[in-house]
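Residue numbers (the UniProt record's numbering), protein chains in the order written: chain A, 1 to 392; chain B, 1 to 660.
Worth double-checking, as some hints may not be accurate.
Straight line, CA to CA, 25 Å or less: simulated DMTMM-like cross-link-like pairs of lysine to aspartate or glutamate [claimed, not checked]:
#, chain 1, residue 1, chain 2, residue 2
1, A, K114, B, E530
2, B, K503, A, E240
3, B, K201, B, D240
4, A, K284, B, E530
5, A, K284, B, D604
6, B, K503, A, D223
7, B, K424, B, E377
8, B, K493, A, D35
9, B, K99, B, D404
10, B, K490, A, D35
11, A, K392, B, E637
Keep in mind the hints are simulated off the structure, nothing from the lab. In this text, all values refer to a predicted model and were calculated from it rather than measured experimentally.
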Amino acid sequence: MIEGLALLDLGVSPYSGDVFHETPLIIYLFHFVVDYAEITFMLADVITAVALYLAVKDYNKQVFRKQKFALEADRYPLDCLELIRSPKEMYYIPLKVAMFYLLNPFTILSCVAKSTCGLNNAVIALFILSTIKGNVLLSAIFLSLATYQSIYPLTLCAPALLYLMQRQYIPVNFRRASFWWFIVQYAFMYLGSLFVIICLSFFLLGSWDYLPSVYGFILSVPDLTPNIGLFWYFFAEMFEHFRLFFLCVFQINVFFYTIPLSIKLKEHPVFLIFMQLAVISIFKSYPTVGDIALYLAFLPVWSHLHRFLRNIFLVSCVLLACSALFPVLWHLWIYAGSANSNFYYAITLLFNVAQILLVSDYFYAFLRREHHLTYGLYLKRKDGSEATLVLK
Amino acid sequence: MAAYRYGYSAVLFILCGLSVFLVTNGQETILTGDDGAAAVDSPQTVTETAEQTAEQPAVEERQWEVTEVEEASPDEAAADKQDASAPETLVPPSVPRPKDDFQEELVIRPLHSGDIYASFQFRTLWETDFMRGNKVSHYRLFPKSLGQVISKFSVRELHISFTQGYWRTMQWGQPFLPAPPGAELWVWFQDSVTDVDGTWKELTNVLSGIFCASLNFIDSTNTVQPSASFKPLGISNVTDHRFLRYATLPREIVCTENLTPWKKLLPCGTKSLQLTELPLFSLQAGLAVLLKSEKLFHSSFHSQAVHIRPVCEDWQCKTTSWELRQTLSVVFDLHTSGQGKREWSLFKMFSRTLTDACPLASSSKVYIDITDNPEGEQFELIPATPLLSQAVVLGDRRTFSVYDLTQQITFGAVRSLNLLIRWKSTEGDMLRPLLHGERYVAGYGLQTGEIHTLMYNNHPYRSFPVLLLDSVPWYLRLYIHTLTVTSKAKDNKPSYIHYQPSKDRVRPHLLEMLVQLPPNSVTEVTVQFERALLKWTEYTPDPNHGFYVGSSVLSSLVPSIVAMDTNSTQERPLFSSFFPCKEESSYFVRVYTEPLLVNLPTPDFSMPYNVICLTCTVVAVGYGSLYNLLTRSFQIEEPSLGLAKRIANIIRKMRGVPPL
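Construct all of the structure, not just a fragment, from the sequences and the given hints.
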């Protein structure tokens, strides 16, 4: 980052080299605030926390209202009263979310490291806030900013669309004109703002150098510096002629889950946002701890799912152990020379498995709760004995 | 017949006498010792030389004809087969001077560390134009392989060096021809070349074949275009660095297989003369007999180079010619291998003695640096020579004993010259080199590091600017914002910085800057870098050995103690005329620092399959669990019956009884 500024000061295009991969807007932002970098990153984290606080507060209000309507309409089975959420337990959730984000060691780490991930998180949090508040234009602008920063938030447009349509009572129906009209409206705003931003960067720099340097870098994974993701060691050890194939598979994998998840969760766009953020942060090409911190902040929102989680204890133990082992094995490999790359790689594998299990566990619990809300909590078999639910 | 011959030699006598006079004049030769004896000796010497040179054109003529044998008439061919010294084939003396010229010389400098520095220079000048449309197909002294390279690739200047070992400037002083360890190649192309990179790629491959070296490993990842450090050394008005390519291979190991093709380029250094079916020459002649690989590579430093450039023929630069300079420098560590006796001789160093000059050479000389030994108190030189010469080289006026191999008297009665130096004392200190560079990597671990370059200005009161060139491979990611230049504990801001960042797997970092070195100071340049993890196929076969980073190049105009000679065309010893000198008060010096050896983090090379399988498993776990949840729905579990019950049911069904 600072390197990019130094290059700019030298009159060299920061994108002519391969050290700097941030977007032009970020570099010009830092051109002004470089002396207050610490404050900027802290401010970004605070903005993220406040945005998440407000968003979750609003979301909870809606959830509660919906629940009240459903109760009044007697839509829930009688034995589901245990599952109904009380305003008392929901009261502290927004605060918990903000604290979960701010006090998360991962957030602190990425703030201390002055990773621009904090800024991306702030943009995504603002996007979530504006979506939940129902502001279509701001939502599109922040989404395009997030996409501009790193391509992956593109997949968040599905939950945003679903949520905004739900808010405006537009049915998700492919044969309805209003549905298509809304999509066109949103797409126009989104693409328009993206276009404006990209052109703005072009005019700031006077060249298109940054496009391959930023997005080509994200998509083609030339930098194999170890991180907490799955890509680096895989592509370091990959046979050259299979490289392109696996690159495509791995990148498509990130975007692949959007459509099935949106179909499955079309009634619950906020949960879909959570799922998407988690999938992105696990499968993106250069994941950082800041990405994880963002989706972990949503966990208090789903605290009512805890009774359905199957292996939360194991997963949280693995996550904690891995977080502790990362620096240890890094030191052993890089500095002490007594371990090799496989040790660190094993920990990244385990860490990612734990994240996947965590996310799929929450997904399972969410689906199960929805099932219970429709069919009753204590399901009976035909012969009256107690039944167990299985996925079939 | 005899009379004819005598008349002939008389003319040659005059010619040679003139040329000797000219040469001695140019070199400010002083005749020391007994003047009378020298005066008595000289007529004999000259007559001998005259006879020798009388034979020389004959030889040249003969070779000239042999190469053109298809066109030669039958009579001439028959004449060729006659007596080798047949006067019919002699060239009339009125024929204009041949357009090419070959000179050879050997400089021997006893170093203060007790080592011996021997530097061979062979220069071929050829007044021709490779670039014109007509193809140059007639080669005499100039090697054809290089001539074809020049014309095919439109080369303006070509400099290539292969070096084994590192030149220790602080112990040995400045070399006549600096070279970095490993291979170095820099080429200026003609401005008519459109695809410089493509031409460069082809050229490196061709040179790789010519010199049997791994120059084909030069690609865009180690090629840079320095903007200021490498100016053309010959005549040139092009300074657009788009036509310049510079590359080093610090890992290159120089050995016999590089020496043999290099020797083949010499007119007298090759056995191919045998092919002319004229058993007149010994297989090798002149200084080239000393180039025996088993001795040359048993040394502390060995550097061989080829420099091709266009030079001016005369003072007004009316005619230009191509200069091919083949140089070979070697430092023998005789102090330790001399069995306690501090004495060396040509035979001890090269296991050969000199017996004649190269018959094709217009001058063939051995210079011994005796500046530090004016009264013979440090060492004794046997045989002594009356001929002394002074030359201004590297900012210092040095005195040399000269042995002219074209004169028969040099070889004495035994008809062989075996120079011997016997040391008398070990005292004496060297003038410290004014400019000196060092480099090292600091930091520990395999993540980051810091490159330190130290530049010493040992001049007591003058400061001078230095151009520093650093070319760092892409896998060390330099952070230019961490660049600091300090001298005397103060920030020393470079007046010019040219930085080109690297691109992964495409091009290296290039950092060039102009730093003013204060007098009597050390200037330290530091820059931090991060080490990249490479793909497993990009590592060398011995990855834990580390990766080499080429030497930094310090180029500078160092203030000179004595006035430099700015006339580049005047007859001067070859070793003092390599770098053109523009002004009298300073001289050009190029110093190479040590190459660096940097360790990179390595993946485990034994398990690509494992890694691919394990990572794919993790992705599949993610995909599988999400797929599971997405496609299935919750249902009430039907209790599955036990195995015994199921078998019982099947039996009951067969019996026609309702199941349990």
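Now for the hints, and whether the structure bears them out:
1. Of the pairs offered as hints, the one joining A/K114 and B/E530 holds, with about 17 Å between alpha carbons and a cut-off of 25 Å not exceeded.
2. The hinted pair formed by B/K503 and A/E240 meets the criterion: a straight-line CA distance of about 19 Å does not exceed 25 Å.
3. As the CA atoms of B/K201 and B/D240 are separated by approximately 19 Å, the hinted pair is consistent with the 25 Å bound.
4. The suggested pairing of A/K284 with B/E530 holds, with an alpha-carbon distance near 23 Å, which does not exceed 25 Å.
5. Between the alpha carbons of A/K284 and B/D604 the distance comes to roughly 23 Å, so the proposed pair stays at or under 25 Å and holds.
6. For the hint linking B/K503 to A/D223, the alpha-carbon distance of about 11 Å falls within 25 Å, and the restraint holds.
7. With a CA separation close to 7 Å, the supplied pair B/K424 and B/E377 stays within the 25 Å bound.
8. With a C-alpha separation of about 22 Å, the suggested pair B/K493 and A/D35 falls inside the 25 Å cut-off, and the hint holds.
9. Between B/K99 and B/D404 the CA atoms are separated by roughly 23 Å; this keeps the pair inside 25 Å, and the hint holds.
10. Proposed proximity of B/K490 and A/D35 is supported: the alpha carbons are some 24 Å apart, at most 25 Å.
11. At most 25 Å may separate the alpha-carbon atoms for a hinted pair to count; A/K392 and B/E637 meet this at roughly 9 Å.
Consistency note: the structure conflicts with none of the earlier hints.
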